[in-house]
Every structure is written in structure tokens, then in C-alpha cells.
Amino acid sequence: MTTIAPPDRTGPDVAPARQARRRRPLQGRLLTIYTWVVIVWLCLPIGVMILFGFNNTKGRYNNTWQGFTFKWYGRLFDIQDLTNAMKNSLIIALLTMIIAGTIGTMVGLALGRYRFRGSGSTNLVMFAAISSPEIVMGAALLSLFVTLSVPLGFVTILIAHVMFSVSFVAVTVRARVMTLDPSMEEAARDLGAGTWATFRYVTLPMIFPGVLAGSLLAFALSIDDFVITSFNAGSTTTFPLWIWGATKVGLPPQVNVMGTLIFTAGVLLAIGTALAGRRRA
Amino acid sequence: MNARLRARLTPYALLLPGGLWLLVFFVVPLVAMLSLSLQQGDIVNGYTMTWHWQTYVDGIRTYHDQIIRSLIYGTISTVLQLLIGYPVAYWIAFRGGSRKSVYLFLLLLPFFVSFVLRTIAWQFFLSDNGILLGPLKDIGLVGQDFHLLARSAAVIGGLTYNYLPFMVLPLYVALERVDPSMVEAAHDLYASRVQAFLRVVWPLSLPGVFAGVLITFVPASSDYVNASILGGPQNSMIGNVIQNQYLINQTYPTAAALSFTLMAILLIGIFLYARALGTEDVLEAAAR
Chain Z
20 MTTIAPPDRT GPDVAPARQA RRRRPLQGRL LTIYTWVVIV WLCLPIGVMI
70 LFGFNNTKGR YNNTWQGFTF KWYGRLFDIQ DLTNAMKNSL IIALLTMIIA
120 GTIGTMVGLA LGRYRFRGSG STNLVMFAAI SSPEIVMGAA LLSLFVTLSV
170 PLGFVTILIA HVMFSVSFVA VTVRARVMTL DPSMEEAARD LGAGTWATFR
220 YVTLPMIFPG VLAGSLLAFA LSIDDFVITS FNAGSTTTFP LWIWGATKVG
270 LPPQVNVMGT LIFTAGVLLA IGTALAGRRR A
Chain L
857 MNARLRARLT PYALLLPGGL WLLVFFVVPL VAMLSLSLQQ GDIVNGYTMT
907 WHWQTYVDGI RTYHDQIIRS LIYGTISTVL QLLIGYPVAY WIAFRGGSRK
957 SVYLFLLLLP FFVSFVLRTI AWQFFLSDNG ILLGPLKDIG LVGQDFHLLA
1007 RSAAVIGGLT YNYLPFMVLP LYVALERVDP SMVEAAHDLY ASRVQAFLRV
1057 VWPLSLPGVF AGVLITFVPA SSDYVNASIL GGPQNSMIGN VIQNQYLINQ
1107 TYPTAAALSF TLMAILLIGI FLYARALGTE DVLEAAAR
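Residue numbers (this note's numbering), protein chains in the order written: chain Z, 20 to 300; chain L, 857 to 1144.
Hints listed in this document are in silico derivations from the structure and should not be mistaken for laboratory results. The beta carbon of each residue, even a glycine, is placed where N, CA and C say it ideally should be. A few of these clues could be false.
Stated by the list, open to error - Distance ranges between label pairs, derived from CB positions: (1) L/1128 - Z/297: 51 to 61 Å; (2) Z/297 - L/1090: 24 to 34 Å; (3) L/1058 - Z/214: 29 to 39 Å; (4) Z/292 - L/879: 27 to 37 Å; (5) Z/133 - L/921: 17 to 27 Å; (6) L/1054 - Z/138: 49 to 59 Å; (7) L/1058 - Z/138: 29 to 39 Å.
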């Protein structure tokens, strides 16, 4: 293949023509308005969730606006089952982040750095795990647990969460590893660093943004998962499972408050890592 | 151990824990599910393998309505997402300027709220006397027994809403790669704006379209959360049946046969796609 040099887009004869063509005010603005309408549509439920966490509701139902209050923030942990479910969700997400983050990073390193027999089938399995319908993954895992009479609960949820998030970590880390220059590691080895020292002081710092992004993704996938968890939870509840169970009787405002807190933490974390990544780059 | 051998074994050592986890808890379960679908028995007395393929025939015969409905809902919502999402991705890619990542972030905001909670928020919006229909009924614009929930439109709308960002992201990735000077060149060669779009931009964005369609069609057609929360019994999808059979009726062989059928339908599509276009686009889109 021959490479064609990109045309000089800043050339003096191109610029005026381009500017002239850029003046299509109405159509351009319509598309802008349209995009904002879609963004508002997407964010509407978030607004409602946050707003109704401040609703001074009296009865069981939290669906008509009855005035502003902060009291649900103070009574956040009043519902014992909900608090336990949230605690389970956080612990499982944290453990998933650590386990999937570690073994996923290792897979990502293997795939991004080495050529070896079996890398093709590993890619295929990861591709299948990422694109399989959640319900099938949940149902299949439950079939295994039923066949082997494994009791369902905390451990089976954790197994499931690591299973579905490990491929996402591996893919994220692999993408980062492939952008690296292997000569850095060779230089470290030439200077007498052992395998571990090379990894710890050269490779890991360079791939760290990928590891961090992958691990946070694992955390996010875990804390939000409903479908696969519902198949493998037994009588253990997580935050999404508790919400599902309470839907029929109406959700207490505490759910809105917890949702709001997770949302805020997630957004702050995402902005933080984005800014940190920008500074590093 | 000599250095050469060690270098050859390193990738396998790195692969071992993660690969084993996927093998034992993803690949083996699929085999277990296939095996369970061919067994007969019940929970009390246990199951024995009888190669009972009839379960598939009976399952499909009984639930073909739900299977077809799932594929129809999945298709309609995927098409809607493409129609709604393409202009958004186009605008961000070509007009987003220096704030592209801000717009993408805004599109991803819903993912910071639990999927179940987002769907319940729509139930709340659309409920019979809720903030949308309540006032409309009060002023008599719609009849008292008018409802939006428990209709196909509500379920399809929910599916479209929930998976839209998954459609926009790969579209954006593909459109972002389109060099604006290509469009300029088309204009210089007297292409109209419609022609420039249809002959230049659209073909170049096709990998994103394929990736987006795949990423959204699979979860949308196998979803049961939207149908449960926003739909009525007449809107139930194959996911609802599988969930019910596994978790409530505990008729495992039928449930396993139905999930295997669902997976077969979807995976055949995925692998045909992967063969035709390569897995890279999807993995890349998933990494973003």
C-alpha cells in the first residue's frame, strides 16, 4: 500500500472556500438543538432520581412532589435490608475490581506484548464473553451451579462478576500495552533490571492508566449488574436486586439518595481520572 | 530454567488465572447448560441425561411468540437507536470542536445510575396518573383510561433509551476517523451535500454502524427488565420466560433449552459478523 500525504488543509486557497461553506446557520443549529434534546432525554431520569431524593414524602409512595427536604440524607441507613444490599454491592464491586483488575491486566499484558499459540482462541473467548447476552451468561453459570449443587450467595455473585468483567479489563489493558515502545523494557533489562524490577518500575507505570481505567470499569460493571447477579444470587441481595424486589411496593426515597451518591461519586471519579490522564499525557 | 524457555512460557503464565476463570465460569457453564437442557427430571429427584431433544421442540413451540417478539422489539429498537444516534454522533464528531469528550461524557452520564433505577424512572414518568399523563388527563386532552405503560411502544422506547449510548459510541469512533477533507474533496467535485454524505461519509462510517448494531441488538433482544417494568404480560419477551423458568418455576431443562436457543440465534449472527468483519472493531468499541 502506498501512503498518500494528507492534503494541506491550512493552505491559503482552501481556507476561504471552507469558511464560506461553513455558513449554514439554520441546518447547523437544528442539528445542535437536536443533539442537546437527545442529551436531555438521556439525562432526564437522573434528574428525577436526584430530585425525588429531596422529596418530603409522607407515605409509602415517593411519586408526587411534596416539598423539599434533606431528611432522607440523614435517614439514609434506616432501612436495614437496603443498607445490607448496598454494603454487599460495594464489597463485591471492590473485590471484583481487585481480582478482575489483576488477572485481567495479566491477560491484557500477555495478549498485547507476546505472540503465542492460543492467543487467537483467547481473543475469541473474550470476544464471546463481551458480546454474549447477559441472560445467557447468567443462566449458563446457574446451570453449572445447579449441576454441581453449589449453594448460591455472595461467593457465586463474586465469581460471576469477575467472569464478566475480566475481558473488559484485558481489552482495555491490551489497548494500552500495544501503544508502548518495547525498547523501554529492553533498555531496563540491558541496564541490569530483572524481570520483576522491569515490570514494577518500567512496564507497570507505563500501562497504569489502562489498568486504572480497566479496574474502574470492572467496579462500575459490578455495582450496576442486575441480570447475571439475579441468576446467581440465591437469597443474597445487592443494591439493584433490592430495588427490583421493591419495585412492586414502591421505592423509598433512600434508594434515590443512594443512587444520587453513587452517581455523584462516579462522575467525580471519572472527571478526576480524565483530568489526571490529561496531565500525564 | 533457561531464559529462552522462560520467555516462551511467560505469556502462558500471565494468561493462566484469567484464562482459567473464563474457561471454568464462562465456557464450561455453556456446556453445562447444553447438557442440562438435554436432561430430564426435577429438582427433588435430580436430573438424568436422556438426550431429550424434544425439550427444544416443545420449548420453541410453546414460546415462539416470545422469541419472535424479542427479535422484533430488538430490531425496532436497534433501528430507532441508529436513527436517533447517528445525527448525534455525526454532530459530536464534526461539530464538537474541542469539547467532544465533554459531549461524550454527557451521553454516558446515564450509566452512572443503575440500569434498573433508570428503567423505573421511565415507569414513573409514564405511569397512568404520573407527571406526564396526570395533567393531560386533568385537562381532558386524553381519555381517563388512556395509558402508555403495558404497551409495545413503552417497552421498545425503554430498550431504545437504555442502549442508545452503546450505539452512539462506535458510531462516533467511526465518524471521528473520517477526514473532513474527504468531504471537502467531494464538494470540490460538485457532489451535493446529500451525495457527499451518502457516497463518502456513510460508507466510511459503516464499521461503526455494524459495531453499534451488534452491541445494541444482542442485549436489547435478550432483555427482560424493560418488558417487566414497562410492559404488560402481553409484551413479555424470551428473556422474561427464561428468567421465570429458571428462578421461579425452576424447570431447568426447558429454561436451559430456551437460553441455548436464544444464544444460538444471537451467536450465529455474531460469528457470521465476526467472520465477515473481524473482531477488532467490536473489541475496540468495547474498550472505550
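Going down the list of hints, with the structure as the test:
At about 40 Å, the beta-carbon gap between residue 1128 of chain L and residue 297 of chain Z misses the expected band of 51 to 61 Å. In this structure the hint that residue 297 of chain Z and residue 1090 of chain L lie 24 to 34 Å apart at CB is violated, the actual value being about 51 Å. Look at residue 1058 of chain L against residue 214 of chain Z: about 50 Å separates their beta carbons, and that is not inside 29 to 39 Å. Our hint of 27 to 37 Å for residue 292 of chain Z and residue 879 of chain L holds, since their Cβ atoms are close to 31 Å apart.
Between residue 133 of chain Z and residue 921 of chain L the beta carbons are some 50 Å apart, a value that contradicts the proposed interval 17 to 27 Å. For the pair residue 1054 of chain L and residue 138 of chain Z, the beta carbons lie near 39 Å from each other, so the given range of 49 to 59 Å is not met. Checking the proposed 29 to 39 Å range against residue 1058 of chain L and residue 138 of chain Z shows it holds: the Cβ atoms sit about 34 Å from each other.
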